[in-house]
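Chemist: Just so you know, the protein sequences line up as chains R and Z, in that order. So that you can map any letter, position 45 of the first sequence is 45 in this note's numbering, and since no number is skipped, the others follow by simple counting. For this note's numbering, count along the second sequence from 1 and bump the result up by 304.
Since the hints were made in silico from the structure, they are not lab data. Predicted model only: the values in this text are computed from it and were never measured. None of the hints are false.
From the derived model, a few chain R residues whose C-beta atoms are all more than 10 angstroms from chain Z:
id, residue
1, Arg-6
2, Asp-9
3, Ala-22
4, Phe-100
5, Val-108
6, Arg-130
7, Val-134
8, Ala-200
9, Arg-296
One side of the interface only, derived from the structure: several residues of chain R facing chain Z at Cβ under 10 angstroms:
id, residue
10, Asn-49
11, Pro-50
12, Met-56
13, Asp-57
14, Gly-245
15, Pro-250
16, Leu-266
Backbone N, C-alpha and C define an ideal beta-carbon position, used for all residues, glycine too.
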Amino acid sequence: MNRIARAWDSDIAWSFRHSPVAMLAALVALLIILSAVLAPWIAPHDPFNPASLNLMDGFTPPMEPNAFTGNVFWLGTDNQGRDIFSAILYGARISLFVGFSAVVFAMVLGISIGLLAAWRGGWVDSLLMRIADVQLSFPSILIALLIFGIARGVIPPAYREEMAIWVLIVAIGLSDWVQFARVVRGAALVEKSKEYVQAARLVGAHPARIVLSHILPNVMGPVLVIATIGLALAIIAEATLSFLGVGVPPTQPSLGTLIRIGQGFLFSGEWWIILFPSIALLALALSVNLLGDWLRDALNPRLK
Amino acid sequence: MTRPFNRSAMRRVAASLMLSAAVLGTGLTAASAETLRWARVGDALTLDPHSANEGPTSTLLHHVYETLVRRNTDGSLAPRLATEWFIHPDDPTVWVFKLREGVKFHDGADFTAEDVVASVTRVTSETSDFKGLHTAVAGAEAVDDYTVHIKLNGPSPLYVQNLTNFFIMDKGWIEANGVQTPQDFKAGEEKFTVRNTNGTGPYTLVSRDPEVRTVLALNPNHWDATPAVTEIIYTPIKEAATRVAALLSGEVDFVQDVPVQDIERLSNTAGIAVSTGAENRTIFFSYDMSSDSLISLPGDNPFKKPQVREAMALALDRDAIRQVVMRGQSVPGAQNVPPFVNGHDAALDAYGAPDYDRAKALMTEAGYPDGFSVDLNCPNDRYINDEAICQAYVGMLGRIGIKANLVSQSRTIHFPAIQNGQVDFYLLGWGVPTFDSQYVFDFLVHSPADGRGGWNGSRYSNPELDAKIASLATETDLAKRDATIAEIWKTIQEDRVFLMVHNQLLAYAAKDNINIAVHPENQPSMTTVTFK
Chain R
1 MNRIARAWDS DIAWSFRHSP VAMLAALVAL LIILSAVLAP WIAPHDPFNP ASLNLMDGFT
61 PPMEPNAFTG NVFWLGTDNQ GRDIFSAILY GARISLFVGF SAVVFAMVLG ISIGLLAAWR
121 GGWVDSLLMR IADVQLSFPS ILIALLIFGI ARGVIPPAYR EEMAIWVLIV AIGLSDWVQF
181 ARVVRGAALV EKSKEYVQAA RLVGAHPARI VLSHILPNVM GPVLVIATIG LALAIIAEAT
241 LSFLGVGVPP TQPSLGTLIR IGQGFLFSGE WWIILFPSIA LLALALSVNL LGDWLRDALN
301 PRLK
Chain Z
305 MTRPFNRSAM RRVAASLMLS AAVLGTGLTA ASAETLRWAR VGDALTLDPH SANEGPTSTL
365 LHHVYETLVR RNTDGSLAPR LATEWFIHPD DPTVWVFKLR EGVKFHDGAD FTAEDVVASV
425 TRVTSETSDF KGLHTAVAGA EAVDDYTVHI KLNGPSPLYV QNLTNFFIMD KGWIEANGVQ
485 TPQDFKAGEE KFTVRNTNGT GPYTLVSRDP EVRTVLALNP NHWDATPAVT EIIYTPIKEA
545 ATRVAALLSG EVDFVQDVPV QDIERLSNTA GIAVSTGAEN RTIFFSYDMS SDSLISLPGD
605 NPFKKPQVRE AMALALDRDA IRQVVMRGQS VPGAQNVPPF VNGHDAALDA YGAPDYDRAK
665 ALMTEAGYPD GFSVDLNCPN DRYINDEAIC QAYVGMLGRI GIKANLVSQS RTIHFPAIQN
725 GQVDFYLLGW GVPTFDSQYV FDFLVHSPAD GRGGWNGSRY SNPELDAKIA SLATETDLAK
785 RDATIAEIWK TIQEDRVFLM VHNQLLAYAA KDNINIAVHP ENQPSMTTVT FK
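Next comes chain R alone, as it looks inside the complex (with noise of 0.2 angstroms):
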């Protein structure tokens, strides 16, 4: 109890409670976040079961019978008679679960190179850094796209669908760890000059110790900032590779894939294929990134 009433004291509730915007983007963030993790609950159908679908009730309008099945979808449904709600609860467990993990995945491998470079300094220092200027150098997407041409290479087709999600999030991270690595670098160095790291070193303690339980937890803050628009990005990222139908396969669509799908058929009319989950990737993009926003700003003392 004791615990909470000084987390709602704190700088960052404060500032959390007099950020309307914030309030807001958070409330949507959460909203979709929870729907999409409740999705089989929630979900009139599945999406993902191609054995429950029926062709018949493709291209229906939102909220009107379908002319053959006489079924009633809220949102519409898709060419393949997919329900349009649902497609976009389960796309965005998809577009959720990818970003995350990549973001995961490029935050341990960012922090790991900075706090490496940081510590040993040197030609370590100087070598995983121009690493990480030649890949600054690249669009982030177009990497994400090499790795997944190389992967496709190297799994065998019997595994490549199994594995797309996981190829999506490896291609993301690995084009993302940069910015985490650099700023760990930065922030580290200034740590490491610290009186209580030397402190530490005087004492004997063992250099990882050192990194992990005293500089780590002192260079956590930017990291968060980077981590949640890093979300946002890594949201997106995957919305593009599957837009461009490298991501995941088409049977099981995330937000990128949908609106693929809906592209089609922007001129035949058929416009709530495309609209409905555009309007649910702005949505679940924009708030992450309005969090990481208010985040930055909240843990910036020179804005206070």
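Take the given structure of chain R and dock chain Z to it, following the hints.
Modeler: Okay, now just chain Z, sitting in the frame of chain R:
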């Protein structure tokens, strides 16, 4: 994602540069020049004329290279590089071709009988994808400069029907560039002929950027009447909506693959005309029905069981696919051959409604009460709504317990995979340029041997049937030959080698000042285009 925008921006820059050049040059030639900007879903796979027996590839090549004979839209043959052709009066195994005189290749070389002989040698060589059409050929001989004898293994009254996609190359050019054999497309070979051409056709190749843009210009020395179109800019645009948007915005003049969902919208747009018609092409599923072990299901092959094949046929709801996926733009059927091809049988082509209970009972009978899981390979840039057809069928199969994992790929990957036997279960489309069932049997049914069976992804092998198929090439009694064709079809249908879905209907859309008719083989020639 940004590529189309960059490309269109570049094109606009290029267009304005050309415009200013024309203004500076006081419009020297601009008055009579007519450029046709032509878009379709995919590019030609290669420019090697004997390397890929595939519709879009041949369509583009017909503008640069020429054949001995060409087919009219009513199915009859017309002279092209050959002016006359007949069976030798003294030897029924020899076809005589009288060649057009005064024809020149793009590099200036004269077209003579030696060029036809060199082309015959090339098209019958091992890496040729057209060799299945020339299995009866024993050799070719130049009798004089403008007469060629093609010697066959036996009498073959229909051989000339196989020549409508047989492109003639220059002997000197073949030798100078060391391209005596065609590019081995399925092995991914790269050759001089893939990006360079030297034909006798009405257009010459100006530039080629595969998958992006190919520019052809009028060949001023062509023997035939000068066409109205003097320049062709061929642009593959894979995304359906982007393709339609390009036509609506005036970025292209002619879209060959109009998405079925946009036919109505385009018909109602002022300034754009849509024409539709039947295509000589069937869309079907097939499966490896011979191997003991599948690639995606090691140690087992359910497709070997006749009950499984029957159950899969009972699960296919052709009418639903026609109604929803094709929006009425297809003619469903059960026999894998278009209605206007010799050997089509209305009784075999009749199909029933799906019966999921019976299908499930058959699955249990076959020993798969819980179904099985297998990969379904599908192209996503070749046929009308190919990926959506596969996806719909995945759902239907799911209802009888078969879990099909959809592997949807570009045709540049999909087609070699079929030819190399790397797929278990796949979708394919097949047109019949000879208008005779033998073409279907030679490529899709005959065991992969003796130059035949090049596209036999089912690995179906029936020695008795192979003998019947081989007899068709040299059977001179046409009534007897038709009876054999009927027998072969009966066996194919009984063994369920193919799971036919439908015949495609075509839709072309163009600016309404352009006259262009739907071509039944979907091989429109820009030489026939006129402007209003």
